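First to last, the sequence lines map onto chains A and B.
Reminder that position 72 of the first sequence reads as 98 in my numbering, one-by-one numbering, no gaps.
Reminder that position 347 of the second sequence reads as 330 in my numbering, one-by-one numbering, no gaps.
Honestly, I wouldn't trust all of these hints.
Under the rule of at most 25 angstroms between Cα atoms (straight-line distance), these lysine-lysine pairs were calculated in the DSS-like manner [to be verified]: (1) A:82 with B:353; (2) A:90 with A:134; (3) B:353 with A:77; (4) B:371 with B:300; (5) B:5 with A:134; (6) B:167 with B:125; (7) A:63 with B:167; (8) B:91 with B:246; (9) A:166 with A:154; (10) B:168 with B:222; (11) B:388 with A:82; (12) B:371 with B:303; (13) A:63 with B:388; (14) B:353 with B:20; (15) B:142 with B:125.
For the record, the hints were derived by calculation from the structure and aren't laboratory data.
Remember, it's a predicted structure, so these values are computed and weren't measured experimentally.
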Amino acid sequence: MSTIKEVQDEIISEFEILGDDKESTIFYIMELGGNLKPFPESERTEENIIKGCQSKVWLIADEKDGKVQFQADSNTDITKGLISLLIRVLDNRRPEEILRADLDFIQKIGMGGIIGSQRSNGLAAMIKQMKLYAMAFQTKQNA
Amino acid sequence: MSLNIDQIRGLFPVLHQEVHGKPLIYFDNAATTQKPKAVLKSLQDYYEKDNSNIHRGAHALADRATRYYEETREAAKDFIGAREAAEIIFTKGTTESINLVAQTFGRKFIGKGDEIIISTMEHHSNIVPWQMVCEEKGATLKVIPINEAGEILFEEFEKLLTPNTKLVSIVHASNALGTINPVKKIIDAAHAVGSKVLLDGAQSTSHLDIDVLDLNCDFLAFSAHKLYGPTGLGVLYGKREVLEEMPPFLGGGEMIKEVTFEKTTYNEIPFKFEAGTPNIADVIAFKAALDFIQGLSKTKIRAHEDGLLAHANELMKNIKGFIPVGIANEKVSVLSFNINGMHPFDVGQMLDAKGIAVRTGHHCTQPLMKRFGIEGTVRASFAVYNTKSEIERLAEGVAQIARLKNK
Chain A
27 MSTIKEVQDE IISEFEILGD DKESTIFYIM ELGGNLKPFP ESERTEENII KGCQSKVWLI
87 ADEKDGKVQF QADSNTDITK GLISLLIRVL DNRRPEEILR ADLDFIQKIG MGGIIGSQRS
147 NGLAAMIKQM KLYAMAFQTK QNA
Chain B
-16 MSLNIDQIRG LFPVLHQEVH GKPLIYFDNA ATTQKPKAVL KSLQDYYEKD NSNIHRGAHA
44 LADRATRYYE ETREAAKDFI GAREAAEIIF TKGTTESINL VAQTFGRKFI GKGDEIIIST
104 MEHHSNIVPW QMVCEEKGAT LKVIPINEAG EILFEEFEKL LTPNTKLVSI VHASNALGTI
164 NPVKKIIDAA HAVGSKVLLD GAQSTSHLDI DVLDLNCDFL AFSAHKLYGP TGLGVLYGKR
224 EVLEEMPPFL GGGEMIKEVT FEKTTYNEIP FKFEAGTPNI ADVIAFKAAL DFIQGLSKTK
284 IRAHEDGLLA HANELMKNIK GFIPVGIANE KVSVLSFNIN GMHPFDVGQM LDAKGIAVRT
344 GHHCTQPLMK RFGIEGTVRA SFAVYNTKSE IERLAEGVAQ IARLKNK
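Please model the complete structure; the sequences and the hints are all you need to start from.
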């Protein structure tokens, strides 16, 4: 399995191919949302929501063989694409890897300029929640 | 003769730029309009030549600044057809204007068992201040329902009126839908039961000819920045007899006649309501914005904007998946819509990538969105400097985006 850094480098080169055209970059992000696994309806609860100003994200995590498994969904297609990128990088990894991860691909592909400040705040909230899950599982493993 | 839009566009430096490599199309005018050069020049002139505090300075600069400041009050009076300049109070914006009435008129004249009436399509700034008053005073907030087109049900409004109705506070033109409300009828009916009426004119004043004497409203609140003027400045118009009865809003300098530690007597209107050093520069520059509008004539502005809206409606109606929100007969130039299967935020961001600036979300009208069972809309709102070819680019963009989910 590729390392977090390798996956991030893959993503960076994919976005490089798209170049400066904001429109095609956004269409690409929306397409990525299609990679998300169907989200279990029973988990679509208030509790599992990370609330941004305009978009909602549902995020849940589980542990399998010591690795964290994420599942997520959103009510907007662009946000789905963003969360699918995070899942591609962080899913199925040990908690300490997730906690250590420096997600510099976001800055390197200039995500802030592509998605604007509102969604960037939402993206930061998603990363924080994923790391919180990782921390909870780490605590459990060490107990 | 109709307006020369090319020439008008030349007066707005901000319009001539590219965003994301595409020429900017600015369709977020209901949020704030752009500023003509004359407004920018007035701001710079003030700070370069006249900056000083107003009303009490014993020197030439203070005299000049005071004169220009009061000239804007005079211009604002003429702009809305008020009887006298003393009925014009400068505030931070529509929101503060409404809160001023809530905290002064509301505190003094609304009591237990009284009623305040608003409509379903109010901006949060014309809901929350009244909820605060009602909670404090034990009064009741009543809401006029609307139909599917986004129009007030006047007969239902009449049923809400009682001798306990102390205030009807209603939006003149809806920011989220564009609906123009039949305010003259509403004002007459409210007065018949002895109620006062506040008009939220944030969206109407830039599009419609306003004559407060003809309308006979007791208050009118509006913002300079939606009228091609500076941000952080608004107006509260009130009838003299009502303003004089109201206690002051903020305490401080300017608003007093005499202060002793035992007792303070308050200044005359409008100064009673303008405590502290006001937003002098922006007030002065606001006159340039009002002159700009008066110079073009509201009738011609409205004719141009109506033409843009009609063109947009015509082009959009055949787009598969296009869902208009708010189809009232009488509208200002606001086009609110959704695209079937898509979130408005995504649509807005895709339009932004095409260089088209729109607003998305609930537009600070959550109860209205709930009424329509939607989370929000995409809102394109047009101003005098927009063109039919910009509308065509919007329609092309919307059609292209709609095709993603509506094959």
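Against the structure, the hints come out as follows:
1. A:82 with B:353: 17 angstroms, holds
2. A:90 with A:134: 31 angstroms, violated
3. B:353 with A:77: Holds, at about 18 angstroms.
4. B:371 with B:300: 16 angstroms, holds
5. B:5 with A:134: At roughly 23 angstroms apart (the allowed maximum being 25 angstroms), residue 134 of chain A and residue 5 of chain B satisfy the hint.
6. B:167 with B:125: Holds, because 20 angstroms separates the two Cα atoms, which is no more than 25 angstroms.
7. A:63 with B:167: Judged against 25 angstroms, a Cα distance of about 56 angstroms means the pair is violated.
8. B:91 with B:246: Distance ~20 angstroms between residue 91 of chain B and residue 246 of chain B Cα, so the pair holds.
9. A:166 with A:154: 18 angstroms, holds
10. B:168 with B:222: Satisfied, since the Cα-Cα distance of roughly 19 angstroms is no more than 25 angstroms.
11. B:388 with A:82: Holds, at about 20 angstroms.
12. B:371 with B:303: 21 angstroms, holds
13. A:63 with B:388: 20 angstroms, holds
14. B:353 with B:20: With a Cα-Cα distance of about 40 angstroms, the restraint between residue 353 of chain B and residue 20 of chain B is violated, given a limit of 25 angstroms.
15. B:142 with B:125: Holds: residue 142 of chain B and residue 125 of chain B sit about 11 angstroms apart, inside 25 angstroms.
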